[in-house]
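The primary structure of each chain is shown beneath.
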Amino acid sequence: MMKEEKFIGAIKFGILSPDLIRKMSATAIVTSEVYDENGLPVEGGVMDPRLGVIEPGQRCATCGNTLARCPGHFGHLELARPVIHIGFVKHIYDLLRATCRKCGHLKIPKDEIDKYLNLYERLKDKWPQLARSLSEFVKRKAIKNMECPHCHAKQYKIRLEKPTTFIEEGPLGRLWPNKIFNWLDQIPSDHLRLLGYDPNFSHPKWMIIRVLPVPPICVRPSILLETGIRSEDDLTHKLVDIVRTNEKLRESIASGAPEVIVEDLWELLQYHITTYIDNEVPGVPPARRRSGMPLRTLAQRLKGKEGRFRGNLSGKRVDFSARTVISPDPYISINEVGVPIEIAKTVTVPVRVTPWNIDEIRKYVLNGPNKYPGANYVIDPTGRRIDLRFIRDLKAVAESLKPGYVVERHLIDGDIVLFNRQPSLHRMSIMGHIVRVLPGRTFRLHLAVCPPYNADFDGDEMNLHVPQNIEARAEAKTLLLVQEHILSPRYGGPIIGGIQDYISGAYLLSSKVTLLTQDQVSDLLASINYDGEIPEPAVLSPKRVWTGKQIISLLLPENFNFSKEAKISSGVLKCTDEECFWDSYLVVKKGKLLLGVLDKAAIGAQQPESMLHFLVREYGNAFGKEFMDRAFKLFLRFIEMRGFTMALTDIMIPEQAYEEIKEVVEEAKKEIEELIKMYREGKLESMPGRTLEETLEIKILDVLSKARDKAGERAVKYLDPFNNVFIMAKTGARGSALNITQMTAMLGQQSVRGQRISRGYRGRTLPHFKRGDIGPEARGFVASSFVKGLSPIEMFFHAAGGREGLVDTAVRTSQSGYMQRRLINSLIDLVVEYDGTVRSAYGELVQFRYGEDGVDPKNTSFGKAVNVERIIEKHVGWKK
Amino acid sequence: MSGKKKIRIMDHELVPKHEVVPKEEAIKILKELGVTPQQLPLLRASDPVAREIGAKPGDVVRIIRNSPTAGKIVIYRFVIAG
Chain A
1 MMKEEKFIGA IKFGILSPDL IRKMSATAIV TSEVYDENGL PVEGGVMDPR LGVIEPGQRC
61 ATCGNTLARC PGHFGHLELA RPVIHIGFVK HIYDLLRATC RKCGHLKIPK DEIDKYLNLY
121 ERLKDKWPQL ARSLSEFVKR KAIKNMECPH CHAKQYKIRL EKPTTFIEEG PLGRLWPNKI
181 FNWLDQIPSD HLRLLGYDPN FSHPKWMIIR VLPVPPICVR PSILLETGIR SEDDLTHKLV
241 DIVRTNEKLR ESIASGAPEV IVEDLWELLQ YHITTYIDNE VPGVPPARRR SGMPLRTLAQ
301 RLKGKEGRFR GNLSGKRVDF SARTVISPDP YISINEVGVP IEIAKTVTVP VRVTPWNIDE
361 IRKYVLNGPN KYPGANYVID PTGRRIDLRF IRDLKAVAES LKPGYVVERH LIDGDIVLFN
421 RQPSLHRMSI MGHIVRVLPG RTFRLHLAVC PPYNADFDGD EMNLHVPQNI EARAEAKTLL
481 LVQEHILSPR YGGPIIGGIQ DYISGAYLLS SKVTLLTQDQ VSDLLASINY DGEIPEPAVL
541 SPKRVWTGKQ IISLLLPENF NFSKEAKISS GVLKCTDEEC FWDSYLVVKK GKLLLGVLDK
601 AAIGAQQPES MLHFLVREYG NAFGKEFMDR AFKLFLRFIE MRGFTMALTD IMIPEQAYEE
661 IKEVVEEAKK EIEELIKMYR EGKLESMPGR TLEETLEIKI LDVLSKARDK AGERAVKYLD
721 PFNNVFIMAK TGARGSALNI TQMTAMLGQQ SVRGQRISRG YRGRTLPHFK RGDIGPEARG
781 FVASSFVKGL SPIEMFFHAA GGREGLVDTA VRTSQSGYMQ RRLINSLIDL VVEYDGTVRS
841 AYGELVQFRY GEDGVDPKNT SFGKAVNVER IIEKHVGWKK
Chain B
1001 MSGKKKIRIM DHELVPKHEV VPKEEAIKIL KELGVTPQQL PLLRASDPVA REIGAKPGDV
1061 VRIIRNSPTA GKIVIYRFVI AG
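Chains as they are written, first to last, in my numbering: chain A, 1 to 880; chain B, 1001 to 1082.
Don't take each hint at face value.
Derived pair list, reagent style DSS-like, types lysine-lysine, alpha-carbon separation capped at 30 Å [what the hints assert, rightly or not]: (1) Lys1072/B to Lys864/A; (2) Lys1023/B to Lys126/A; (3) Lys154/A to Lys144/A; (4) Lys1017/B to Lys864/A.
Simulated from the structure, these hints should not be mistaken for laboratory data. Remember, it's a predicted structure, so these values are computed and weren't measured experimentally.
Full structure from sequences and hints, please.
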């Protein structure tokens, strides 16, 4: 059978005319009854069988097809009186005001109309945007005219009483839809065209509904509940309401009921049809189900995140994907992802049988769908799918395999998959991983790939997709693999790198004091399967011991030169060149780590110009991956050997220290008292551009923050500078100096909106203070530390400051998320072409050269294409 | 206000160098870039700079401006009526 090819040349949108509605209708709806006493749909009801097949096996009364092939058919309902379509109210309002109440002409002199029409015709095709504004302009002009230039009839003001009532402040009074219909019908075609309407396809008179299309049943299927009770769709309910009201209206008209009653029913019909189209119109009480839930009618089906457009058309769900909780596994490679067996048995890879793999694939088929590693489907060359779940004799199927068959086998180690965590904000949010099938029910991922995904393990879930053809797999392997994304295009540094314990471990291992015995060295190197030579120990006597730096050097390339200040190089440990007593200046020459410690500045994630950065840049992504896999395992093994924890004693300070802190606080308080006194006496001089009050606040904040820093310094003095908390803060593994200060010394000033906490009661924050007290305690200064504990008042202020932080994050994420969405939607089609230009989808030039210099930021250092200093260092071994 | 002294906008330091490209050269440039004139960024003939350099609709204007990434960059605009 030949397939007939048809092409869509163009699409035109318009308004359905009553004639068209009747023409495309399979049946007229004439009764509000839906089912008869036998439970069969009534002919002429809203569930008329001619509107389409409902139950499988049935044949359609209209087209003769079965359920799967019947597209459904529209019906129609003749309304006793016309009503207004809620979606067109604005158009109707504008047209009523722009045209004459008597002759229906546009209220603009004839010659002007001709002039504008001429202009409009010329603009229409080339500049549709301009044509639209011309229409708008003409309309505004016509509305202003209170006398018809054609028939000289006086015009009256027309009022729109939301949502659907039009009233003329003149002899006509209330404009019922039938009057509006006659009015719109009078408007000459040319005038409509000038206003931007196409009278052949969307004549405004069709905005008044006289015949209502009744959608096919498959658009509003009824559900059979377990109890056997039929539950109708919201749309069907609404249609029944409409038909019933229409019936009543027709009867009262026929029986000559008083006009008031007819009008009441008319309004009711208008209400039902309005809510049928849109149940969220302002000013109209939404139609509800018996449970009180508002009905989901036509507009609601399309609108919003879960509507037809965003939910079904733009947001598609896919096969061959999996989602589960993630958890860490430092023993796998950064390129890998641990996949639970259960998932590996469900998502499959299609493999074509060839003479070279037939034996292997036979084994999969023999194992069947339940035994891992097996296969779920066999597809023979004719395209027939054999579901192995229902095959008793797997052996026969395995025997029947021949080259050309396709087998959907389970995921096995070494397959490549795409791994993704939402929100997918940058390209590193979806990366290719090599499968590692593992026991358990979670995805396992290497800790170093947490930063690009922004993942942690507090319950995060991630998605996995299996590419289904060779091209996709090849693309994933060459472009999407994790190692290809170590360097971020955002700032050119490694976004994948050491975090937390990797940094602490690297620091401890590379520290001067670390000396390792033969046993320890063997243990460490065995953990990374090192099979090279072990160098001569740095110390031969009294015991042969190796330094940690020697071990790390084993992983560095032989010709690698590098030097940089370490993260710990600050304060008293500051070093700016190789002459460094504190070991805080990192020096690598000819692949030997000679001096300095490894910390965040050397191996950390998101640290440009670091040792890791240059290793990856100069020795390639594959080397970078290999280095991270091995070095990070080594660091972890070492930190395990040494032991690393955080204890309360790490942040405890003696009584004496508290005395000192108290002194600091007293001093600050005195200073502030002085400031307040000066302010009260008017002696305080205001800073430029500030009021006196602002000046005082700034000065107080300044004093208090200095007090906190001073208290922190005093407290830290009593701490062991090599305790674990300190190591973490110093090396950048976790926490900061401020965190330590807040734990040991004091929290300091709490703030809301960058100001001291000042709101609450009249003139005071809490009833514990006097009105007008602007001293430190009354405005949220917390002098306690987390170790000491907060007083109830302090705890209140701390909570107030903390709440603001939470609200801020919530607001920021939603706002920046929306901004990102808009940016992506506007930039999505821009492409860097092979000639280096940036172009839109239409080939329009946006940039003559990408970024004006044609440089990929991924391969730069801080946006500079060439880093001369680094080149010198790389080859000569020293800078400058 | 004297009002008589004409301000030469081209002298302003924020206005980069503009010049009308001769027809033959313009054709060559378009060919090199592989674009139709309409696909270039547009410049209205009523733009103060276009008026200053006497660019007519249909001309191609060369702009040489400073760039934070590339130092100097040459771009072209197609002059349209308006």
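*Is Lys1017/B within 30 Å of Lys864/A, Cα to Cα?*
Measuring from Cα to Cα gives roughly 25 Å; hence the hint holds.
*Could you grab the alpha-carbon distance between Lys1072/B and Lys864/A and see if it respects the 30 Å cut-off?*
This hinted pair holds, its Cα atoms lying about 15 Å apart.
_Need the status of pair Lys1023/B, Lys126/A: alpha-carbon distance at most 30 Å?_
Measuring from Cα to Cα gives roughly 26 Å; hence the hint holds.
*Quickly compare the C-alpha distance for Lys154/A and Lys144/A to 30 Å and report which way the hint goes.*
OK: Lys154/A and Lys144/A at ~13 Å, within 30 Å.
Hint compliance for this structure: every hint is met.
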